[in-house]
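Protein chains: 2
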Amino acid sequence: MRYELYYWPEIQGRGEFIRLALEEAAADYVDIARMPQRSRVGVPAMMRLLENRAADRPPFAPPVLKAGKQIIAQTANILLFLGPRLGLAPQSEAGRLWAHQLQLTIADLVTEVHDSHHPIASGLYYEEQKREAKRRAEDFRAERLPKFLDYFETAMTRNAGSRRYLIGRRLSYVDLSMFQVIAGLSYAFPRQMARRKPRWPRLMALHQHVAARPRVAAYLASSRRLAFNANGIFRHYPELDG
Amino acid sequence: MRYELYYWPEIQGRGEFIRLALEEAAADYVDIARMPQRSRVGVPAMMRLLENRAADRPPFAPPVLKAGKQIIAQTANILLFLGPRLGLAPQSEAGRLWAHQLQLTIADLVTEVHDSHHPIASGLYYEEQKREAKRRAEDFRAERLPKFLDYFETAMTRNAGSRRYLIGRRLSYVDLSMFQVIAGLSYAFPRQMARRKPRWPRLMALHQHVAARPRVAAYLASSRRLAFNANGIFRHYPELDG
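These protein sequences, in sequence, are chains A and B.
The first sequence begins at 1 in this note's numbering and counts up by one.
The second sequence begins at 1 in this note's numbering and counts up by one.
Note that these hints are calculated values from the structure, not bench results.
Heads up, a few of these hints could be off.
No copy is singled out in the list; a pair is fine if it fits within one copy or between any two copies.
[Said to hold, decoys possible] Subject to a maximum C-alpha distance of 27 Å in a straight line, what follows is the list of computed DSS-like cross-link-like pairs (lysine-lysine):
| no. | residue 1 | residue 2 |
| --- | --- | --- |
| 1 | Lys147 | Lys66 |
| 2 | Lys197 | Lys69 |
| 3 | Lys134 | Lys69 |
| 4 | Lys197 | Lys66 |
| 5 | Lys130 | Lys147 |
| 6 | Lys134 | Lys66 |
| 7 | Lys66 | Lys130 |
| 8 | Lys130 | Lys69 |
| 9 | Lys197 | Lys147 |
| 10 | Lys134 | Lys197 |
Taking the hints into account, I'd like the entire structure generated from these sequences.
The structure is reproduced here in structure tokens:
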């Protein structure tokens, strides 16, 4: 099965959670919108998919995964689909629901990270909501960030299967997503994370462990890995870092 | 199977999406935190569940569903689990992923509704973020609300199985959730919804159809249905309604 990923070509964004799973599994996939603009690929191909008036299951927004004829959107939903197929999810239904539950909580955190610099409108520039962002980021740093990471640290501590992973005895897509969260938070809030990271030793070890896995390391060193930048979800604005 | 629902007893909130599915299916369930405080029920029972240090799969926040020994959190995840068991989800895997995809998009909308009155911090009062809420609600009314509802209207139009439901030929949990969304938006933004609703005829018809289903109608008329209020997700502040 050759998977097709449709996501904005210039940011990691939510697409990165899918890319990391496909890369770790060495899956056969094409990152459609990042291909040179030829007749059937590139950004125009993504726009055609998003605006296709004949689609009976239209996506609301990227990322979108095409698997044969199946078209799936919503990041956590795509990972729910891919997890078992890529060997990155637990076997049992209960295990898969638990993985998905953690992934949805990661999605909530990611939305709050986005809103820390865009609390008023995603359609406006950061500069147009800077004052509000300062207030929201302050609450994010003081309340939300520690609440979420304390939670994930606790979940790791309670994992009877292993203390290296969030779920069971093996790497899952949730571990890959948690790597991305720690990487993104460390980029966006370097002062805050440097100060607080002793509080989350297991998450920090997970981040290092995932980064060192051969396929992830090769991916991170390749041109396929986009750099963090000021258009993505994780953005570094020193004034929001406290 | 007797299900146990754990959710705040004084608001509809995210718990309402679960309540509606359980009610429509006439499922055997107990709304734990709404029971009188006796030794094993009421709010203290919910707090014990949330703070249980022995839980190997801790929930981040309510709603939480207990099904036998299984403990499941995240609204859309609970509905993913309950859907097939209550006869409120498509049979095929692809159909279930599509239902879940729509439910996750509803969840995104619900978060944006919440943030329209709490754009800075959920831990602060509305009065402490009123100015920012005015700006965010303005964008929500002008951009986000129409974008989401246009999308769901389109999804209904494209449903080849039936134009009465969002998915296939039968009622699903997604239809029940969409009923709740329309009910909530009509409560929170009455002027805006009255003005714009001709744009979404199928969603409005779905709302009426669901409200008239015998079990839903009986539920809505009962004391089990909490009223909308100024503590929930859908709040009516006239100054945010444009």
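Exercise for the section: At 27 Å max between alpha carbons, let me know whether Lys66 reaches Lys130 within a copy, between copies, both or neither. Expected result: neither (37 Å within a copy, 43 Å between copies)
Handout entry: 27 Å Cα threshold - placement of Lys69 relative to Lys130
Key = neither (43 Å within a copy, 47 Å between copies)
Practice task
Tell me, please, which holds for Lys197 and Lys147 at an alpha-carbon limit of 27 Å: within, between, both or neither?
Solution key: within (13 Å within a copy, 39 Å between copies)
Exercise for the section: Please work out whether the CA atoms of Lys147 and Lys66 approach to 27 Å or closer within one copy, between two copies, in both situations, or in neither? Expected result: Between. Shortest inter-copy distance 23 Å satisfies the 27 Å Cα cut-off; intra-copy 35 Å does not.
Exercise for the section: Indicate which option fits the pair Lys197, Lys66 if close means a Cα-Cα distance not exceeding 27 Å: within, between, both or neither. Expected result: neither (38 Å within a copy, 33 Å between copies)
Exercise for the section: With 27 Å as the alpha-carbon cut-off, assign the pair Lys134 and Lys69 to within, between, both or neither. Expected result: neither (45 Å within a copy, 44 Å between copies)
Practice task
Have a look at Lys130 and Lys147 and pick one of within, between, both or neither, based on CA distance no larger than 27 Å.
Solution key: both (24 Å within a copy, 25 Å between copies)
Exercise for the section: Please work out whether the CA atoms of Lys197 and Lys69 approach to 27 Å or closer within one copy, between two copies, in both situations, or in neither? Expected result: neither (44 Å within a copy, 34 Å between copies)
Problem - Homo-oligomer pair classification [Lys197, Lys134; C-alpha up to 27 Å] - result: Within one copy only: 22 Å inside a chain, 36 Å across chains, cut-off 27 Å.
Problem - Intra- versus inter-copy proximity for Lys66 and Lys134 (alpha-carbon distance at most 27 Å) - result: neither (39 Å within a copy, 39 Å between copies)
When each numbered hint is compared with the structure, violations occur for hints 2, 3, 4, 6, 7, 8.
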